[in-house]
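Chain by chain, the residues run as shown.
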Amino acid sequence: MRELALHVLDIVQNSVEAQASRVEIAVEEDVAAGFLKITIADDGRGMDEEMVRKVQDPFVTTRRTRRVGMGLPLLASAARQTGGTVTVESAPGRGTVVTATFGLHHLDRAPLGDMAATVAVILAGNPGLALRYRHRRGDSEFVFDTREIERQAGPVPWGDPQAAAWTRKTVAEALRALEPLGHGPGNAGPVKTGGGT
Amino acid sequence: MKSLEELEKIRKQAQEALKVREGQKPVRIVVAMGTCGIAAGAREVMTTILEELAARSLSDVSVTQTGCMGLCEQEPLVTVEKPGQPAVTYGNINAERARRIVAQHLVNDAVVGEWVVATKR
Ligand SMILES: Nc1ncnc2c1ncn2[C@@H]1O[C@H](COP(=O)(O)OP(=O)(O)OP(=O)(O)O)[C@@H](O)[C@H]1O
Ligand SMILES: [Mg+2]
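Chains as they are written, first to last, in the working numbering: chain W, 1 to 197; chain X, 198 to 318.
Same shape as in the complex, but just chain W (with noise of 0.2 Å):
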């Protein structure tokens, strides 16, 4: 994938078809231990132990339209790549967190990319999703929360194409307002930050 934000779009296309109803994103950038990880915790039905044990193994899907599940594997792959790993742990009934780090520096390393258009996508296409997405550059934070924001501002139409491109822009801009990323340790060149497509 062109972007670890389209990684994120596949991964919570996971949850959604394991019939997730809550999904939390988190997002951490630590210039200083260099490296960037990405978290994904949903509540759907869960894996048993042989499959979670089976699921970086490009032949094992429950899908029927194809024989492979690509998914995980091409997660798992990026991740190597930069001197990173991919990490499932799930169960039964108990839902599961998909967890991926990423050499920061890494020059195999995709852009974080559009996370705006990831998060909008995602709750256009599932409006009835409770979505967390929380993502820390260094010493500052932002967090979309889909419950807290209804809790204020009453219910909202996350379907609505207007809706969509409100979601866009909120998380365009509490990215943007997050410090840049700056040099880290020992880093020869200054560091490509994720910025939009």
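It is worth saying that the hints were derived from the structure and are not from the lab. Misleading hints may appear alongside valid ones.
Derived DSS-like pairs: lysine-lysine, alpha-carbon spacing no greater than 25 Å straight-line [to be verified]: (1) X:K279 to X:K317; (2) X:K206 to W:K169; (3) W:K54 to W:K37; (4) X:K222 to X:K279; (5) X:K216 to X:K206; (6) W:K169 to X:K209.
Guided by the hints, dock chain X with the ligands onto chain W, whose structure is given.
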């Protein structure tokens, strides 16, 4: 917070649109969002369709997602379902083509024949 006030307006507009189309079956646009679709550009396609609907104030259309449809080589796939008409699936759609589908199929009721990969009653 100003952005929360904007939501209030969006909700009111959506409620009014709902009243107008009361009892009518909505037009549905379905974007395939399996890994194959996402890798091929389905997010941009869906973003463009939403923008186009917002710009044209077409509020009687619902945009939804589905997983892999088994036509991975022809992703991104977009299906238009109008009540009383066969569902039309378009393949190899990009942002520009998505805009044309909205203008031609949704607004003017003319199927864009050249990109159709499947139709279903
Ligand atoms: N969050 C989740 N909850 C429950 N099951 C999951 C979850 N994520 C993945 N799985 C299971 O793991 C399988 C493999 O997932 P993966 O994303 O690799 O491929 P896929 O979703 O089947 O197909 P593709 O992603 O290529 O469209 C899924 O078919 C599903 O059975
Ligand atoms: Mg998948």
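Handout entry: Given hint K317 (chain X) paired with K279 (chain X) - CA-CA distance at most 25 Å
Key = holds (11 Å)
Exercise for the section: Sort out whether K209 (chain X) lies within 25 Å of K169 (chain W), counting only the CA atoms. Expected result: With Cα atoms ~19 Å apart, K169 (chain W) and K209 (chain X) stay inside 25 Å; holds.
Practice task
Please work out if K54 (chain W) and K37 (chain W) have their alpha carbons no farther apart than 25 Å.
Solution key: holds (22 Å)
Practice task
Given the hint that K216 (chain X) pairs with K206 (chain X), test it: the Cα-Cα distance must not exceed 25 Å.
Solution key: holds (16 Å)
Handout entry: Hint consistency between K206 (chain X) and K169 (chain W) [alpha-carbon to alpha-carbon, up to 25 Å]
Key = With a Cα-Cα distance of about 16 Å, the restraint between K206 (chain X) and K169 (chain W) holds, given a limit of 25 Å.
Handout entry: Pairwise hint evaluation, K279 (chain X) against K222 (chain X), where the allowed Cα distance is 25 Å at most
Key = holds (8 Å)
The structure shown violates none of the earlier numbered hints.
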